[in-house]
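A.B. asks: Each chain, letter by letter, is given below.
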Amino acid sequence: MQHEVMFAGFGGQGILMIGKILAHAAMEAGREVAWIPSYGPEMRGGTAYCQVVVSDRPIGSPIIKSPRHLVAMNRPSLEKFANAVKPGGVILINSSLCPDRSGRTDVDELAAPVTDLAKELGSVRAANIVALGAFVARSGIVDFELIREAVKEEFAQKAKLIPLEMKALDAGRAEAGKKQRT
Amino acid sequence: MGKAFTKPEALADAHTHYCPGCTHGVIHRLVAEVIDELGIRGRTVGIAPVGCAVLAYNYFTFDFQEAAHGRAPAMATGIKRVRPDLMVFTYQGDGDLASIGMGEIIHAANRGEKFTTIFVNNAVYGMTGGQMAPTTMPGQRTTTSPAGRNVEEAGMPIQMAELLATLQTPGYVTRQTVIKPRYITRAKKAIKKAFEYQVAGKCFSFVEVVSTCPTNWGMTPLEAVKWSEETLLAYYKLGEYKTPEQEA
Amino acid sequence: MGKKVLMKGNEAIGEAAIRAGCLNYFAYPITPQSEVAEYLAKRMPEVGGVFVQGESEVAVGYMLFGASAAGARVFTTSSSPGVSLMSEAISYIAGAQCPCVFVNIIRGGPGLGGILPSQGDYFQSVKGGGHGDYRMLVMAPASVQEAVEMMMVAFPLAEKYRGPIMILGDGLIGQMMEPVEFPDDLATDPSDKDDWATNGMENRKSGSRNLVKSLYLDPEQLNDHNLLLKSKYDQMKKEEIRYEAYNTDGDYVSLIVSYGTMSRVCKTAIDNLKEEGVEVGMIRPQTLFPFPDAAIRDAAVKPGCKTVVSIEMSMGQMVEDVERCVQGRRPVGWYGKCGGDVPTPEEIMQVIKEGI
Ligand SMILES: Cc1ncc(C[n+]2csc(CCOP(=O)(O)OP(=O)(O)O)c2C)c(N)n1
Ligand code: SF4
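Protein chains in written order, with this note's numbering: chain X, 1 to 182; chain P, 183 to 430; chain R, 431 to 786.
Careful: at least some of the hints might be erroneous.
As the list claims (entries may be wrong) - Listed next, the in silico SDA-like pairs over lysine to any residue satisfying Cα-Cα at most 25 Å (straight line): (1) K158(X) to K434(R); (2) K65(X) to K557(R); (3) K557(R) to A250(P).
Said to hold, decoys possible - Residues from chain R that keep clear of chain X, each with C-beta distances beyond 12 Å, as calculated: (4) K434; (5) E445; (6) H561; (7) L641; (8) Q757.
The hints are simulated quantities; they were obtained by calculation from the structure and are not laboratory data.
For every residue, glycine included, the Cβ atom is placed at its ideal position computed from N, Cα and C.
Go ahead and model the full structure; you've got the sequences and the hints to work with.
C.D. replies: Shown next, in the form of structure tokens:
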């Protein structure tokens with residue numbers, strides 16, 4: 001089984017980081033992983049996205065035109081990628097910044113106000129981790145405990161932030177559980 | 183009113199790709215205004231560098247060439263030698279001009295090539311993501327000087343205006359900035375003077391413009407202006423370093 | 431083997447050099463490989479190594495030349511336009527017989543081109559980007575792990591043949607993160623260079639001076655010098671060819687030749703075609719020079735194989751070598767793209783089906 005996840009949003013939202021955390025956790029679970037960023041002269045506050053491929057077999061093509069899942073942290077990301085998602089995948093929408101929905105009936109859509117939830121926790125910068133928690137809980141792509149460990153490792157240099165990031169993960173998970181599957 | 187907001191004819195009606203608080207846009211505008219005022223748009227050729235301004239040709243409405251990294255002054259030389267009637271300027275960053283293109287700029291200036299160079303000094307490589315430039319300040323952190331520029335190994339930042347002013351060939355060399363409105367009028371005068379020397383077929387002209395790169399400095403636009411004024415302007419002193427009349 | 435870590439190709443390449451025993455790095459920033467310099471700017475001071483940001487790739491090429499001629503292990507990384515500027519130095523380094531490792535994380539060209547992945551520098555690396563009769567051993571990794579391993583063997587190979595070696599990746603190999611391990615057993619000690627390097631006469635047993643140069647004004651001497659170089663390239667053809675054969679044990683109707691990132695996409699296409707009942711084999715050259723001539727010829731002329739296609743992220747460069755190997759015994763086609771969009775498995779499946 002191969003899962004591909006597209007993480008997309010504004011530069012500065014920590015998109016690349018949550019992709020990396022997922023890849024890290026999946027690697028610890030013994031899976032094959034690849035993390036592919038968008039790169040370019042787009043360091044100027046434009047869109048940022050990355051793809052994470054998680055597989056039970058060696059990964060062939062690392063370039064995926066239609067991912068299984070999408071985490072859209074803003075509106076342009078949803079517009080750009082919603083139609084590419086494979087049927088049956090999860091589409092997570094940051095409803096704090098994106099009032100739209102995918103319009104897809106063949107996917108598991110979850111609208112979660114991750115930016116607002118992060119603000120409630122005290123730091124808007126944790127919105128990416130809230131989204132990660134929600135996405136992982138919803139998709140079951142890796143064990144939640146492994147994500148917890150991977151987040152801790154990512155923040156090892158900024159240990160002060162770890163309690164906040166743990167709360168952010170849990171807030172995401174709670175949000176994912178709240179919403180009914182459609 | 184009105185006039186202050188009109189767009190120079192030489193400037194395209196386009197959104198730039200520059201970051202908020204970046205001074206490239208202001209400098210483009212000044213160049214465009216000068217070209218309009220001198221009425222030379224129809225015979226001007228700009229040369230884009232390799233750097234954040236590589237897409238400058240999208241923002242101007244006259245002929246443009248795109249150079250290889252650092253080679254714009256050699257291309258400008260080529261144009262001027264075969265078509266002295268064309269008004270030619272290079273627009274270069276500090277990595278482009280003071281690092282990889284150091285040879286080209288010194289020799290073009292020393293040959294007294296009759297074109298104009300606009301040199302945008304933001305003390306860092308912008309386009310490639312904030313590496314150290316020859317103009318990076320001592321102690322300044324960049325992605326390739328993570329502990330701050332170490333002058334023992336990287337030397338002191340190069341002051342291009344001063345360096346070019348030492349050449350014995352007559353030329354016009356000045357350093358300006360556009361980080362605050364009060365500097366902009368002076369900067370524009372200098373750019374105009376530089377182009378006027380070219381129109382008169384007089385000499386090589388060089389305008390260094392001390393700029394900002396909030397993105398790669400890791401600052402807000404306001405912090406960037408403050409840092410630029412306090413740190414860069416203390417080392418990169420504004421003023422005219424050389425005029426052709428001086429040597430004459 | 432150490433622990434598996436998740437690393438970006440560019441960073442892993444930098445770390446691999448250190449693990450291989452090379453602590454000297456000179457470079458100039460260029461997308462999509464600037465992370466190597468950024469990584470080593472931090473890492474080299476930690477391990478007591480040398481990190482220098484040169485003023486240009488021209489200068490960097492000669493920094494390598496000088497350091498290597500003085501007996502040190504050295505390497506640099508760059509991307510296409512930068513490698514063009516280093517090509518002059520590469521020719522001198524080949525002529526003067528100095529071991530140096532160059533990494534090219536290719537981006538689209540020609541000229542400024544683009545910054546996305548490409549394989550457009552095949553000719554430049556394999557046929558010689560600089561002047562004169564020289565060859566470079568060129569290795570092309572298809573994963574971050576393979577990039578690490580190729581980096582680590584590159585240094586002893588450069589010393590064995592006393593010449594420039596190139597690791598040819600593409601933007602994706604540099605930018606992608608994959609799990610990697612650094613095989614401890616690939617670490618090597620620098621070879622003894624006393625018989626040729628200008629490492630200080632008083633430090634040598636022989637006590638005689640060494641000279642590093644590429645000038646041979648006497649035609650006979652220059653010819654002899656080139657014969658010596660040629661003998662090394664011939665030796666490489668005997669000893670250094672590496673390739674991977676994929677799905678070639680059974681019968682197949684078509685043979686793909688592809689390398690680097692592109693070959694991974696081809697593997698996916700081959701797996702998908704298998705599910706549809708179409709068998710396709712692949713030879714993936716891991717060394718582009720020396721090229722796996724015999725392997726490709728043998729795989730191409732296998733009964734049942736009707737066509738051969740070279741799939742590259744370029745407008746058809748390697749295909750000329752594939753044609754040379756197949757010697758007209760099968761039709762050889764080409765498919766590729768070079769704007770930065772990597773062809774998809776679906777596109778490749780289509781190409782194969784149309785070809786048969
Ligand atoms: C031969 C070559 N080497 C390196 C590069 C990569 N490169 C592109 S822009 C740039 C530096 C830009 O910095 P600067 O000139 O200071 O301009 P800024 O982006 O700050 O405006 C570099 C190194 C290149 N395009 N070509
Ligand atoms: S990176 Fe720096 S120089 Fe480039 S556009 Fe942004 S602020 Fe300007």
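A.B. asks: Run every hint past the structure and note whether it holds.
C.D. replies: Outcome of the hint check:
1. K158(X) to K434(R): Between K158(X) and K434(R) the Cα gap is close to 23 Å, so the pair holds against 25 Å.
2. K65(X) to K557(R): Roughly 34 Å between the alpha carbons, so the hint for K65(X) and K557(R) is violated.
3. K557(R) to A250(P): With a Cα-Cα distance of about 23 Å, the restraint between K557(R) and A250(P) holds, given a limit of 25 Å.
4. K434: Since the minimum Cβ distance to chain X is about 6 Å, K434(R) lies within 12 Å and the statement is violated.
5. E445: holds (17 Å)
6. H561: For H561(R), whose nearest Cβ neighbour in chain X is about 33 Å away, the distance exceeds 12 Å, so it holds.
7. L641: Non-interface label stands for L641(R): nearest chain X Cβ at 45 Å, farther than 12 Å.
8. Q757: Non-interface label stands for Q757(R): nearest chain X Cβ at 30 Å, farther than 12 Å.
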